[in-house]
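2 protein chains.
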Amino acid sequence: MDISEETFIANLGTHIRQLREKKGLSQQALADDCDIKKNQIGRIERAEINTTVKTLIKIANALDIKPKELFDFPLK
Amino acid sequence: MDISEETFIANLGTHIRQLREKKGLSQQALADDCDIKKNQIGRIERAEINTTVKTLIKIANALDIKPKELFDFPLK
Numbered sequence: 001m002d003i004s005e006e007t008f009i010a011n012l013g014t015h016i017r018q019l020r021e022k023k024g025l026s027q028q029a030l031a032d033d034c035d036i037k038k039n040q041i042g043r044i045e046r047a048e049i050n051t052t053v054k055t056l057i058k059i060a061n062a063l064d065i066k067p068k069e070l071f072d073f074p075l076k
Numbered sequence: 001m002d003i004s005e006e007t008f009i010a011n012l013g014t015h016i017r018q019l020r021e022k023k024g025l026s027q028q029a030l031a032d033d034c035d036i037k038k039n040q041i042g043r044i045e046r047a048e049i050n051t052t053v054k055t056l057i058k059i060a061n062a063l064d065i066k067p068k069e070l071f072d073f074p075l076k
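As you go down the protein sequences, you meet chains A and B in turn.
The opening position of the first sequence corresponds to residue 1 in full-length UniProt numbering, with each subsequent residue numbered one higher.
The opening position of the second sequence corresponds to residue 1 in full-length UniProt numbering, with each subsequent residue numbered one higher.
The set of hints was computed from the structure by calculation and includes no laboratory data.
A portion of the hints provided could be inaccurate.
Repeated chains share a single entry, so a pair holds when one copy, or any two copies, can fit it.
Said to hold, decoys possible - Under the rule of at most 20 Å between Cα atoms (straight-line distance), these lysine to aspartate or glutamate pairs were calculated in the DMTMM-like manner:
hint : residue 1 : residue 2
1    : 68        : 5
2    : 54        : 2
3    : 38        : 21
4    : 37        : 5
5    : 38        : 64
Predicted model, so just to flag it, every value in this text is computed and none were measured.
If we strip away everything but chain A, and leave its shape as in the complex, we get (with noise of 0.2 Å):
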């Protein structure tokens, strides 16, 4: 079954805020070791963009995890 890109975008950014916090990282400092701002990540978190590859990459090499994981969740 075809798997929504609004649901994704939406658990994506449920993952990445808890990646985020087992890390103890507040936003302002991932947004720092990504070199983006601030407002991008929250942005991302509550799936109101539709982010790129790169800045997953970014996010990724910040939270110290491979990109794969960032897309290993359950869909809810």
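Start from chain A and add chain B according to the hints.
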């Protein structure tokens, strides 16, 4: 060690091309299934563009795989 965005995008493009060919789909057929332009599939496969999560989900759905499988490849 951090993954370079350019390296990841290059590997992702190759991986998507391999997954598409494994399914026996032309770029046009995959593009039609994704409701995007054929040219965009070519540009993703050649790592010429920094694609978005929505497009990746469309591609995963068209290839009948989970989104995380798109990011599951050895980096070269």
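Quick rundown of the hints versus the structure:
no.	hint	result
1	68 x 5	both (17 Å within a copy, 14 Å between copies)
2	54 x 2	between (25 Å within a copy, 13 Å between copies)
3	38 x 21	within (15 Å within a copy, 40 Å between copies)
4	37 x 5	between (24 Å within a copy, 18 Å between copies)
5	38 x 64	within (18 Å within a copy, 35 Å between copies)
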